[in-house]
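Student: Using the sequences plus the hints, can you model the full thing?
For the record, the sequence lines run as chains A and B.
In terms of this note's numbering, the first sequence is residues 1 to 323.
In terms of this note's numbering, the second sequence is residues 1 to 492.
These aren't lab readings, by the way, just hints derived from the structure by calculation.
Just so you know, not all the hints are guaranteed correct.
[As the list claims (entries may be wrong)] Below, in silico cross-link-like pairs of lysine to any residue (SDA-like), each with a Cα-Cα straight-line distance of 20 Å or less: (1) A:Lys-220 / B:Ala-344; (2) B:Lys-132 / A:Ala-216; (3) A:Lys-258 / A:Gly-217; (4) A:Lys-321 / B:Thr-183; (5) B:Lys-377 / B:Phe-222; (6) B:Lys-132 / A:Lys-321; (7) B:Lys-132 / A:Gly-217.
[Unchecked claim] According to the in silico footprint, chain B covers these stretches of chain A (three or more CB under 8 Å from chain B): (8) 65 to 77; (9) 158 to 167.
Quick reminder that beta carbons are idealized off the backbone N, C-alpha and C, glycines included.
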Amino acid sequence: MKKTLIALLLLTLVVGSAFAQGGAEASAATYPTGPVSVIVPYSAGGGTDLIARALVDAAKGSFPKNITVENRTGGGGAVGMSFGANAKADGSVITMITVELVTLPHTGTGGGIYYDQFKPIMMVNSAYAAVTVQASSPYNTLGEFLSAAKTKSMRVGNSGVGAIWHLAAAGLGKAANVSFNHIPFEGAAPAITSLLGGHIDAITVSYAEVASQVAAGNLKVLAVLAPERIAATPNIPTAKELGYDAVVGTWRGLGVPKNTPDDVAKKIYDIFDAAAKSPAFVKFMQDTDNIIDILDGPAYGKRLAVDNEMFKALINELGLKQQ
Amino acid sequence: MLLSVLSSVFNLKIFFFIILGVFTGISIGALPGLTATMGVALVLPLTFGMDAIPGILLLIGVYVGAIYGGSISAILLRTPGTPAAAATVLDGYEFSKRGESGRALGISTVSSFVGGVVSVIALWLISPQLAKLALRFSAPEFFLLAVFGLSIIASISGNSLAKGVLTGALGISLAFVGIDGITGYPRFTFNNINLLSGVSFIPVMIGLFAMSQAFTTIETIFTPDQVTQKVSNVFPTKADWKVIFKHAPISGVIGTIIGIVPGAGAEIGAFVSYGQAKRMSKNPERFGTGIPEGIAAPEAGNNGVTGGALIPMLTMGVPGDAVAAILIGALTVQGLQPGPMLFAEHPVLVYSIFLGMFVANVAMLLLGLSSLRLFVKVLSVPKSILTPMIFVLCVVGSYAINTSFFDVGVMLFFGVLGYFLQKADASVSPAVLGLILGPMAESNFRRALLMSEGNYGIFFTSPIAWIFLFLTTITLVGPFVGTYLKKRKAQA
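Tutor: The structure is reproduced here in structure tokens:
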């Protein structure tokens, strides 16, 4: 009992200290002047959180006054990103922004977030949808699957309504001019389990999430919705090269409030660019089947704008917009 | 595989966490007002920074310890430390009146151990098989499983079925809040961003169970609980061993089965085991007068639930009781998704949980037999010191889960609500059942209809579905048939 109490008290102190940000002067030469927190809009232990923690770990040396990861969950990521966008614009709060930044505003559940509230620092990682079926499925190519879908109602599982993998299936359907029977699950794992049990026909989640079942010979991937073939799986074709123009994936990156001075943003970019290239981070990403995909601030900004338009059109077409 | 399981459990660090967990659990369980659910919820944030195996085993240690610890205050103070020990009060306190507290505590310790071990064996034997079967579960089967779990509300409502159904409905409607999982429509969110992903489960639990109890304690804060009995002769006599070995294994099996039923927890396991032992007995009238059977059965029964509750949790991601629901959260935080894939992808973790849970039961037995006097001391901490501590723990615990002050507000709200529910003599257990199983029933019902494109026949296609339909009918109609038959017998 006493031990629990002491441990809880320590925990309170640690959590409390995350708020104790010093009065940092926004200047590149002196950055970071105080402790820095990295906001993760998802729960501790999830995919986004683990990548954020690994990256922060690799960058620790550049933050003598400490850098901490803070999980602010809720609203499918809207709570944390909204907090990060409205934080002090001096680089003391960096936010792990994800693709939901350009999807939630269009489904009407973004709670006021919009991508232009952030100054993008860098994109760190990306993952594209993999059209996956049971290994025993009669369809061996994306073409066979899609032409069968013209006559049969295909049940395609996704990780939640309006979530990125739902949009991926919808985007593919749009490109191939077929409509699927979308079945939403609470996250990718139950969707994969349901496919393994043969209750649905296909799923469109990321390759990393199905990799172990593909290796075990239970599932097969027909195509990835990536701009080019994934380095780890050179023999899986992209939908694009098969003639279906659908490129849908998720990404994670760093952003700071839009009024942050450019030189501070540049300094943050330099620190995390080096961290993302460190052997420890590279190894972590390999071990967890995650793909490092680095874009610098301006390129990432363009990507945000392009994806924002793409998802806006897709979501309106699907009738997913609320209110 | 065997070797890596052995080496991942049999090392000092893991032993330390298991023993720490069991020790914390017994202390929490012994204190009236601190339940097993609350203990596990409060320790949960500490595991975020730990590896999966020590983290989960620490929580399981707390769970196992707390369910047993509840019997200490049940026997000594006539106040169950946890709801799971309510049945133990009936005979346990009679022992204390006779000055045989030590004997009663000894019987409780050994019976809890036997019940716990039976359930761990069941967990180890059944789970891998059920994990294979779990792939056959699709939306209609999950829906019917949830409905079966909800039908249990009828038997745990205590004195008033109407109040049970009301609090159950409260739990279900609470789960409506947030973005609807099928259409993406935000329901009852009042444009509050914190409500978009629904009301967080753990702050609600802390509020309903711990905070409300702390409010109730304030009413009697200056009346001291005096432990006047001396605790001696803890080790059971030969005659007591005989009773324990006659009743504890059966009660352990009963507890395990009740643990498997989604939502039904240790308090039900204890009462059903007590009832069963009474029915089996040649002299049922002696129950309640302080006989060893009256402790052995409920204590083995409630610890039997511990392993049983983990079976559906690990194999299907369906919580067997409220603690198992928190353990799902603990696994998810570690990046592990409970379900059939867990057995295929992380076999070492799964079998380490089985083995570690066995070790936790051994630790409980040894701590119970050796340091009971220490745990009795915990009971003499004045309520005026303990209650403020509980308030602090409730606030810190509900804040730490999502680092959100909104959650603290949620906890306080449900603390007040829980207090008034207690005043109205309405059990909060159905609310938890509704909160856990309501969303499961709803989303799977709608998912099933999406899959079948609106055809209700999908609920009657598989044998598994028929089994659950049958079980649900029995739980709902059974009691009425029973009363009817009794009436006819009385007339004849």
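Student: All hints are to be evaluated individually against the structure, with a verdict given for each.
Tutor: Structure-based check of each hint:
Distance hint between Lys-220 (chain A) and Ala-344 (chain B) is fulfilled; the C-alpha atoms sit about 17 Å from each other, no more than 20 Å. A threshold of 20 Å between alpha carbons decides the hint, and for Lys-132 (chain B) with Ala-216 (chain A) the separation of about 16 Å falls inside it, so the pair holds. For the suggested pair Lys-258 (chain A) and Gly-217 (chain A), the alpha carbons sit about 47 Å apart, so the restraint of at most 20 Å is broken. In summary, the hint linking Lys-321 (chain A) to Thr-183 (chain B) is supported, as the alpha carbons are separated by about 10 Å, within the 20 Å threshold.
Distance restraint check for Lys-377 (chain B) and Phe-222 (chain B): the Cα-Cα separation of roughly 18 Å lies within the 20 Å cut-off, and the hinted pair is therefore satisfied. A threshold of 20 Å between alpha carbons decides the hint, and for Lys-132 (chain B) with Lys-321 (chain A) the separation of about 39 Å lies outside it, so the pair is violated. Distance restraint check for Lys-132 (chain B) and Gly-217 (chain A): the Cα-Cα separation of roughly 16 Å lies within the 20 Å cut-off, and the hinted pair is therefore satisfied. Restraint check on the stretch 65 to 77 of chain A versus chain B: 7 residues with Cβ-Cβ distances below 8 Å, three needed, restraint holds.
Counting residues of the stretch 158 to 167 of chain A whose beta-carbon sits less than 8 Å from any beta-carbon of chain B gives 3, enough to reach three: the coverage restraint holds.
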